[in-house]
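There are 4 protein chains.
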Amino acid sequence: MKATILIHCPDQAGIISAVTGFIHAQGGNITYLDQHVDKEVGVFFMRLECEFEGQSLPWDFEKSFSEQLAGPYNMEWNLNLDHLRPRMALFVSRYDHCLYDLLSRFSSGEKVVEIPFILSNHLDLEYIAKQFDIPFYHIPVTRDTKAKAEDRQLELLKEYKIDFIVLARYMQIVTSKIISEFPYRIINIHHSFLPAFAGAKPYHAAFERGVKIIGATSHYVTEELDAGPIIEQDVTPVSHAHTVKDFIAKGRDLEKIVLARAVHLHIDRKTMVYNNKTVIFS
Amino acid sequence: MKATILIHCPDQAGIISAVTGFIHAQGGNITYLDQHVDKEVGVFFMRLECEFEGQSLPWDFEKSFSEQLAGPYNMEWNLNLDHLRPRMALFVSRYDHCLYDLLSRFSSGEKVVEIPFILSNHLDLEYIAKQFDIPFYHIPVTRDTKAKAEDRQLELLKEYKIDFIVLARYMQIVTSKIISEFPYRIINIHHSFLPAFAGAKPYHAAFERGVKIIGATSHYVTEELDAGPIIEQDVTPVSHAHTVKDFIAKGRDLEKIVLARAVHLHIDRKTMVYNNKTVIFS
Amino acid sequence: MKATILIHCPDQAGIISAVTGFIHAQGGNITYLDQHVDKEVGVFFMRLECEFEGQSLPWDFEKSFSEQLAGPYNMEWNLNLDHLRPRMALFVSRYDHCLYDLLSRFSSGEKVVEIPFILSNHLDLEYIAKQFDIPFYHIPVTRDTKAKAEDRQLELLKEYKIDFIVLARYMQIVTSKIISEFPYRIINIHHSFLPAFAGAKPYHAAFERGVKIIGATSHYVTEELDAGPIIEQDVTPVSHAHTVKDFIAKGRDLEKIVLARAVHLHIDRKTMVYNNKTVIFS
Amino acid sequence: MKATILIHCPDQAGIISAVTGFIHAQGGNITYLDQHVDKEVGVFFMRLECEFEGQSLPWDFEKSFSEQLAGPYNMEWNLNLDHLRPRMALFVSRYDHCLYDLLSRFSSGEKVVEIPFILSNHLDLEYIAKQFDIPFYHIPVTRDTKAKAEDRQLELLKEYKIDFIVLARYMQIVTSKIISEFPYRIINIHHSFLPAFAGAKPYHAAFERGVKIIGATSHYVTEELDAGPIIEQDVTPVSHAHTVKDFIAKGRDLEKIVLARAVHLHIDRKTMVYNNKTVIFS
Chain A
2 MKATILIHCP DQAGIISAVT GFIHAQGGNI TYLDQHVDKE VGVFFMRLEC
52 EFEGQSLPWD FEKSFSEQLA GPYNMEWNLN LDHLRPRMAL FVSRYDHCLY
102 DLLSRFSSGE KVVEIPFILS NHLDLEYIAK QFDIPFYHIP VTRDTKAKAE
152 DRQLELLKEY KIDFIVLARY MQIVTSKIIS EFPYRIINIH HSFLPAFAGA
202 KPYHAAFERG VKIIGATSHY VTEELDAGPI IEQDVTPVSH AHTVKDFIAK
252 GRDLEKIVLA RAVHLHIDRK TMVYNNKTVI FS
Chain B
2 MKATILIHCP DQAGIISAVT GFIHAQGGNI TYLDQHVDKE VGVFFMRLEC
52 EFEGQSLPWD FEKSFSEQLA GPYNMEWNLN LDHLRPRMAL FVSRYDHCLY
102 DLLSRFSSGE KVVEIPFILS NHLDLEYIAK QFDIPFYHIP VTRDTKAKAE
152 DRQLELLKEY KIDFIVLARY MQIVTSKIIS EFPYRIINIH HSFLPAFAGA
202 KPYHAAFERG VKIIGATSHY VTEELDAGPI IEQDVTPVSH AHTVKDFIAK
252 GRDLEKIVLA RAVHLHIDRK TMVYNNKTVI FS
Chain C
2 MKATILIHCP DQAGIISAVT GFIHAQGGNI TYLDQHVDKE VGVFFMRLEC
52 EFEGQSLPWD FEKSFSEQLA GPYNMEWNLN LDHLRPRMAL FVSRYDHCLY
102 DLLSRFSSGE KVVEIPFILS NHLDLEYIAK QFDIPFYHIP VTRDTKAKAE
152 DRQLELLKEY KIDFIVLARY MQIVTSKIIS EFPYRIINIH HSFLPAFAGA
202 KPYHAAFERG VKIIGATSHY VTEELDAGPI IEQDVTPVSH AHTVKDFIAK
252 GRDLEKIVLA RAVHLHIDRK TMVYNNKTVI FS
Chain D
2 MKATILIHCP DQAGIISAVT GFIHAQGGNI TYLDQHVDKE VGVFFMRLEC
52 EFEGQSLPWD FEKSFSEQLA GPYNMEWNLN LDHLRPRMAL FVSRYDHCLY
102 DLLSRFSSGE KVVEIPFILS NHLDLEYIAK QFDIPFYHIP VTRDTKAKAE
152 DRQLELLKEY KIDFIVLARY MQIVTSKIIS EFPYRIINIH HSFLPAFAGA
202 KPYHAAFERG VKIIGATSHY VTEELDAGPI IEQDVTPVSH AHTVKDFIAK
252 GRDLEKIVLA RAVHLHIDRK TMVYNNKTVI FS
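Chains as they are written, first to last, in our numbering: chain A, 2 to 283; chain B, 2 to 283; chain C, 2 to 283; chain D, 2 to 283.
Careful, some of the hints might be misleading.
For identical chains, the list gives no copy identity; a pair is met inside one copy or between any two copies.
[Said to hold, decoys possible] Cross-link-like lysine-lysine pairs, in silico, DSSO-like; alpha carbons within 27 Å at most:
{"hint": "1", "residue 1": "149", "residue 2": "162"}
{"hint": "2", "residue 1": "271", "residue 2": "40"}
{"hint": "3", "residue 1": "3", "residue 2": "64"}
{"hint": "4", "residue 1": "246", "residue 2": "40"}
{"hint": "5", "residue 1": "202", "residue 2": "64"}
{"hint": "6", "residue 1": "64", "residue 2": "147"}
{"hint": "7", "residue 1": "246", "residue 2": "3"}
No lab work stands behind these hints: they were computed from the structure.
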């Protein structure tokens with residue numbers, strides 16, 4: 002069987018040797034090791050892919066890891082068994098480009114993720130859920146019903162044992178009620194520009210300034226709006242010849258690709274977060 | 002002989018036909034025409050390259066253009082004779098990457114621009130001016146001497162008949178005293194990020210946020226700091242594995258390429274500005 | 002009403018003036034003009050967007066254009082009325098990524114194109130045609146049945162009045178029987194690399210050489226395999242850490258985006274072909 | 002003191018654990034570890050940065066490494082002490098862009114490399130060597146003198162204890178006489194295209210095909226011309242509006258940036274070669 006282990010701890014001498022020696026002693030073979038030291042904050046990060054014979058880990062693996070490594074080195078660590086597919090909920094509103102892109106990638110062929118349901122505050126995209134034969138929940142949100150709507154969302158997330166949420170152009174602010182239950186497990190996508198434009202109509206602002214490049218950023222959702230740790234970014238050139246509508250169309254193409262890449266990185270457990278910053282092992 | 006004409010005016014029917022008919026009637030041949038309508042503001046832009054027989058334009062060309070076109074269509078227009086090389090002053094401080102890049106491009110081979118002098122508030126780069134045999138002026142700037150320093154700069158700019166100024170990492174704010182004499186004729190380069198980071202140490206801020214892309218923007222200098230019309234932008238990917246020092250090194254590479262492209266566009270008269278926004282004819 | 006006119010002819014003095022004067026005299030207003038001279042071959046290209054009052058062009062527009070312009074200047078020209086939506090046939094085999102991408106772009110929202118049918122030599126993707134409620138034709142192709150299959154394809158293309166064909170990863174060679182009926186109206190997508198790798202398994206060859214960038218190219222189909230005029234290209238970085246499978250996955254993302262952009266350019270009549278080379282007006 | 006160790010060997014269980022345990026036992030601290038398994042060929046690659054107290058490695062470090070690791074695991078390995086600056090010879094012909102770029106990067110500021118001399122088959126760039134106060138050797142090459150010229154080159158390379166050679170647009174084929182003395186230690190830069198164009202005038206061929214992207218590739222020189230292991234690549238967009246001259250100018254900008262990046266990677270010992278393919282640890 003295969004497992005992926007993520008570790009971070011204060012940087013100190015001998016960690017790599019200790020961890021790799023431990024895996025070796027437990028009968029595992031390390032097939033991939035990625036490691037990073039953030040020298041600014043003195044934190045060590047490691048991601049290991051290991052193979053073990055048989056259908057399960059050694060019976061005392063987790064206990065031994067805790068006693069021999071996590072305790073002494075003050076580690077936070079995380080163990081993922083590769084045969085367990087993570088369960089992803091999709092939240093959408095009215096834009097269909099990210100939804101279509103994710104569904105056409107992840108619903109067919111060799112599945113790497115389960116999509117137990119799609120949730121929306123609007124009915125517009127219900128037909129797509131039907132096309133792909135995935136349960137669709139319509140939970141409208143108004144100022145008055147927001148708290149109640151989030152309760153219902155939480156119920157569904159628990160009922161379906163969701164591991165992480167993808168906001169595929171979900172045009173509502175997700176509050177701490179949900180965020181606190183899914184720390185660094187809610188993935189959002191938004192536009193971004195060089196330089197940045199705040200406000201309600203960023204594409205219009207970028208157009209007015211005459212930017213030559215537009216971008217998209219996928220990040221984990223935190224309490225501070227659109228300021229969570231960045232998972233993936235990309236850009237595309239534009240010119241004066243493009244209208245605001247062209248900007249938005251090019252933005253859509255970026256958004257769907259960047260979001261899909263971020264989701265892949267999350268599923269592959271290639272993302273770690275520390276101090277509101279990601280370490281992305283590629 | 003060859004000429005490049007830049008025009009902008011309120012958008013209206015028949016402009017292209019009128020202008021091209023006029024050039025034709027004057028005995029000119031249009032070898033390139035670029036045109037753009039900014040529908041948001043209702044402004045028409047055109048750039049024409051024309052060829053005329055002989056060593057000069059028809060004697061009444063400018064007068065006729067004014068009477069038959071500029072007046073009736075309410076045009077602002079600008080005529081450039083291609084055999085006249087523009088004169089570029091370089092302002093630098095201590096960073097040498099943009100200076101080296103511009104000098105190695107423009108001082109050798111087939112010249113498209115004159116570089117009458119290099120000016121700096123520091124002595125660090127004087128040796129490079131000597132390497133390339135270009136006059137170097139050292140004008141230190143302190144809070145107290147700023148006004149006087151700018152007077153001296155203006156003197157030099159006039160004495161050398163400078164057409165436009167390139168701030169090749171000149172680390173002083175250029176004030177309206179200079180800007181008003183060189184409207185949309187001072188080119189600056191600065192870093193930019195997705196999303197943007199203001200403040201004194203942007204590379205550090207971008208590093209702390211864990212951005213995956215850094216960029217550089219070249220723009221015309223206006224009264225509002227770093228908010229002038231954008232001429233050119235580009236980006237490069239970064240990751241958690243890069244240090245702040247790596248960010249800065251990658252930023253330097255971007256800055257020199259983006260600035261050089263902006264200078265080329267300016268020299269080729271491919272830039273027009275309206276409402277703080279560029280139209281870049283490529 | 003709006004019309005888009007595409008022109009190419011031997012380069013000569015006065016063309017722009019003549020054409021714009023003609024449109025003006027016919028009561029049209031030119032809203033966009035793009036022009037290009039290929040000096041290597043001495044050919045002039047122009048693309049005009051014009052607006053005319055009323056529901057149709059002046060009754061003698063085409064005749065007059067031919068007599069006053071096309072004849073004297075030896076032009077090939079092409080008139081497109083913007084309210085007529087082009088009809089696009091999709092040919093596919095077993096890969097679904099390009100098909101999904103095109104359908105999710107073009108089948109919903111404001112349509113700019115009609116998709117009368119999807120055709121495949123396999124049954125694998127029939128379910129997607131059903132999802133989007135578009136007729137699906139299964140025409141298997143073997144060495145023996147190839148000629149007959151192409152006859153059937155031609156029948157369908159004529160029956161449905163198809164304007165252009167998109168090979169959305171159609172894994173059969175299209176022969177001159179079809180190509181000659183749709184000159185520069187069949188759009189294909191294929192991978193491309195720096196440097197190029199020929200042969201049956203290009204991703205494997207690129208992987209073995211350790212390339213750092215892979216690409217995709219969309220082009221018009223001509224008799225010479227994969228050597229037709231290029232419409233659009235893009236690239237993405239790869240590294241030694243990527244497997245052949247990763248290369249292929251990244252290739253898929255490129256292919257769908259590049260093909261979609263090429264289809265958009267074709268629909269917007271922004272492509273012209275001369276001497277096996279495109280002029281793409283952006 | 003700091004050291005960088007590069008290792009490759011047949012892939013097998015326990016290598017990482019064995020190596021990191023060894024470094025630890027020798028009193029070293031691993032500050033960076035990069036590792037890669039090429040599963041196609043079953044080869045394990047590792048790059049370690051280590052710190053040791055004091056001014057030198059433990060006296061038996063190399064012997065012990067060989068006995069305990071290199072022997073048993075059948076490793077090829079390579080030890081670099083970070084305080085020793087590599088010595089780089091620059092070979093040039095008539096193009097100055099790469100030479101200027103490398104000199105302005107590496108001759109000033111904090112040196113990471115020594116540049117003992119510049120060598121050329123032409124005199125054109127001698128003045129640049131003088132600008133930067135670096136010895137310049139003019140060794141003309143004709144068909145008749147080629148062998149003798151290479152003998153003289155080898156003499157200089159040995160006399161100056163050169164570690165690696167950069168062909169900064171050196172327009173002569175380097176033969177096996179030199180290559181065999183500097184295996185994977187000669188770095189070249191050349192243009193590359195999507196798709197590729199062979200022959201004497203690749204920019205012209207690319208222009209004629211109407212490519213939309215041009216690129217540059219830096220690679221180690223091997224016996225097979227321009228087919229050595231790729232170190233770095235990059236691309237830039239072009240269009241029909243660009244002339245062959247524009248293609249070449251854009252190519253120059255790419256070439257200098259891509260070559261500089263490749264040289265940096267080599268100096269930082271981030272490149273490994275196996276089976277004509279690089280592993281680049283970034």
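Tested hints:
1. 149 - 162: within (20 Å within a copy, 54 Å between copies)
2. 271 - 40: both (20 Å within a copy, 20 Å between copies)
3. 3 - 64: within (18 Å within a copy, 36 Å between copies)
4. 246 - 40: between (44 Å within a copy, 12 Å between copies)
5. 202 - 64: For residue 202 and residue 64, the Cα distance exceeds 27 Å both inside one copy (52 Å) and across copies (45 Å).
6. 64 - 147: neither (42 Å within a copy, 64 Å between copies)
7. 246 - 3: between (47 Å within a copy, 19 Å between copies)
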